[in-house]
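*Asks:* Turn these sequences into a full structure, and let the hints steer you where they fit.
Here is how the chains run, residue by residue.
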Amino acid sequence: MLSIVRHSCQKQQNLLRQVVAVRHNSTGGARPDNNVQNGDTRVELIRRVLFESPAREPTIKLEGKALEEHETIERAWKLHKMRQREQRQQTLERQFRSIHLAMSELEKASDRLFKGAIVKSRHITYPKQAKIPTETPSPQGWDYSYKHSTE
Amino acid sequence: MFGAWAKRAATNHGLRSMPSRMASATRHASTEATQQSGYRTAYEEALSLIEVDKKERLKMLERVDKEITRVKKGNTPTQTAQLSALNAVKFDLQVKSELNDPEIRRNFSNGNLDMERPVYRYLRQKQFEKTPRKQLLQRVSQMNVTPDLLPLGLVPTVEVNIQLKGQEGPVEPGVFTKPEQVYKEKEKLVGGGINYSIEEHYNGKMENTTIEVPKVDVTNFHTDKRLYTLLFVDPDSPDVANKTYQQHCHWLITNVPLSATESTVVGGDTVLDYVPPHPQKGTKYHRYTLIAYEQPNNGSEKVDIKVDKREGFDAKSIAAQHNLQPRGVSFFRQVWDETVTSIYNDVLRIPEPVYGKPPKPQRYIRRAVYIQ
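Order-wise, the sequence lines are chains A and B. Residue numbers for the first sequence follow the UniProt record's numbering, so the first one is 1 and each next one is one higher. Residue numbers for the second sequence follow the UniProt record's numbering, so the first one is 1 and each next one is one higher.
I should point out that these hints are in silico values taken from the structure, not numbers from a laboratory. Don't take each hint at face value.
Unchecked claim - Here are some, though not all, of the chain A residues that point toward chain B, as calculated from beta-carbon distances under 7 Å:
id	residue
1	Glu68
2	Thr72
3	Ile73
4	Arg75
5	Ala76
6	Leu79
7	His80
As the list claims (entries may be wrong) - The following label-pair restraints were derived from C-beta to C-beta distances:
id	chain 1	residue 1	chain 2	residue 2	range
8	B	Lys215	A	Val43	54 to 60 Å
9	A	Val43	B	Pro361	53 to 59 Å
10	A	Thr125	B	Lys134	54 to 60 Å
Said to hold, decoys possible - Pairs of lysine-lysine residues, derived as DSS-like cross-links and limited to a Cα-Cα distance of at most 25 Å, are as follows:
id	chain 1	residue 1	chain 2	residue 2
11	B	Lys96	A	Lys78
12	B	Lys90	A	Lys81
13	A	Lys81	B	Lys59
14	A	Lys78	B	Lys126
15	A	Lys61	B	Lys130
16	B	Lys54	A	Lys65
Backbone N, C-alpha and C define an ideal beta-carbon position, used for all residues, glycine too.
*Replies:* Given below as structure tokens:
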């Protein structure tokens with residue numbers, strides 16, 4: 001198994017070495033060199049890398065009971081994610097419905113309060129205690145007893 | 001480094017063979033090893049989650065069932081729409097509650113399926129839609145069966161499998177078969193007779209030579225019995241008078257009851273008895289197509305088709321005339337063989353026609369001989 005890995009690594013390394021060689025030998029412009037004198041031309045190299053990559057067998061081949069267990073686990077995981085997603089969606093829908101109902105009632109009750117409830121705060125805020133990132137921690141260490149001023 | 005890790009994993013689970021060393025090194029451990037430690041494997045967790053999901057769906061199914069009975073009792077204008085929606089939901093719940101069960105998936109992949117259960121029907125349908133149907137549609141359009149015999153944009157909903165004798169699986173659509181294969185496999189004369197009496201001819205010569213129609217299996221996905229019409233037609237029969245090709249009907253049976261559990265073609269009324277395919281000498285290959293039509297009103301109406309002749313057949317017009325909807329198709333190709341001669345001699349009792357190109361008219365008057 002390791003020998004296969006080493007072999008395929010070598011093939012990739014050979015291609016990479018050719019790329020480096022061509023880069024050193026290349027002319028200034030973007031035009032590929034039509035002469036085959038320097039070895040592989042760049043376009044040919046690109047073609048080889050794209051289309052003539054070595055055929056690889058799948059590294060893991062499961063069979064029988066192990067395959068069945070793997071597939072069951074995969075399905076169960078997808079099922080779990082789906083249930084989570086649907087749960088989140090249901091929660092959001094419930095929240096929206098209750099907010100919508102409340103806002104409809106508010107609209108009927110008071111116009112001023114309704115308009116006030118729709119608008120978001122227009123104040124620009126910035127965190128006062130924002131810490132500038134430093135490369136090293138402070139020589140005093142972390143201040144565990146810090147309490148923010150409430151004004 | 002990697003080898004050492006794999007080795008450690010392997011020793012944890014006892015001796016394993018080389019190929020599955022990787023498999024055992026994956027995240028889920030064997031159940032015996034972890035039973036003592038009290039931890040559950042990923043597989044056990046998966047099974048319990050599937051079980052939980054199944055219970056929830058079955059509870060939902062009970063509610064849907066109650067709703068269906070309630071809607072059935074009342075008689076509102078929206079009843080049919082409501083019922084169809086509820087039945088769709090019911091089918092969905094029934095399928096999804098069992099779809100993740102490893103036992104069911106294992107049964108399905110082994111071919112051990114019970115078409116009465118919705119899960120298996122669903123899986124079979126998905127399997128049909130994935131591979132065989134795509135290939136069938138490719139072949140059908142490539143070989144021009146669609147414009148000639150079928151409407152454009154036809155999407156088959158049932159799978160037609162022709163089983164020829166001496167062949168292992170069903171006929172792959174579009175492959176070349178040999179005339180003797182099709183001829184020999186129609187060895188037994190089932191029920192209604194063909195006009196020619198071959199038994200007399202073969203008396204004493206061949207013992208089991210009777211003509212058998214192919215075993216056709218129409219895999220469908222509806223539990224109710226619907227009536228189908230099966231038509232076996234050759235669109236490449238030569239028409240000498242018009243210097244073109246015509247359709248030749250080899251077999252036409254109507255009112256065949258088919259359902260998901262009973263998918264073999266048995267019974268039904270024979271309008272035209274089975275004639276084995278006989279591609280004539282000098283013609284190119286013939287496409288022999290078997291089309292399964294669903295009879296009108298969702299297969300509940302009986303149909304009475306009267307056909308006076310086999311030649312000059314028009315599948316599309318017959319289907320339009322009797323309001324038949326094409327649901328499934330399969331076809332194979334054949335080319336002349338020496339067996340066709342024997343079919344003409346023994347079965348059809350007609351002298352074998354040989355076709356060729358018409359003679360070219362002489363354009364220029366030329367001296368045939370050099371005159372000095």
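*Asks:* If a hint holds in the structure, say so; if it does not, say that too.
*Replies:* Outcome of the hint check:
no., hint, result
1, Glu68, "5 Å, holds"
2, Thr72, "5 Å, holds"
3, Ile73, "5 Å, holds"
4, Arg75, "5 Å, holds"
5, Ala76, "3 Å, holds"
6, Leu79, "6 Å, holds"
7, His80, "6 Å, holds"
8, Lys215/B to Val43/A: 54 to 60 Å, "57 Å, holds"
9, Val43/A to Pro361/B: 53 to 59 Å, "56 Å, holds"
10, Thr125/A to Lys134/B: 54 to 60 Å, "58 Å, holds"
11, Lys96/B to Lys78/A, "13 Å, holds"
12, Lys90/B to Lys81/A, "23 Å, holds"
13, Lys81/A to Lys59/B, "21 Å, holds"
14, Lys78/A to Lys126/B, "19 Å, holds"
15, Lys61/A to Lys130/B, "23 Å, holds"
16, Lys54/B to Lys65/A, "22 Å, holds"
In terms of the numbered hints stated before, the structure departs from none.
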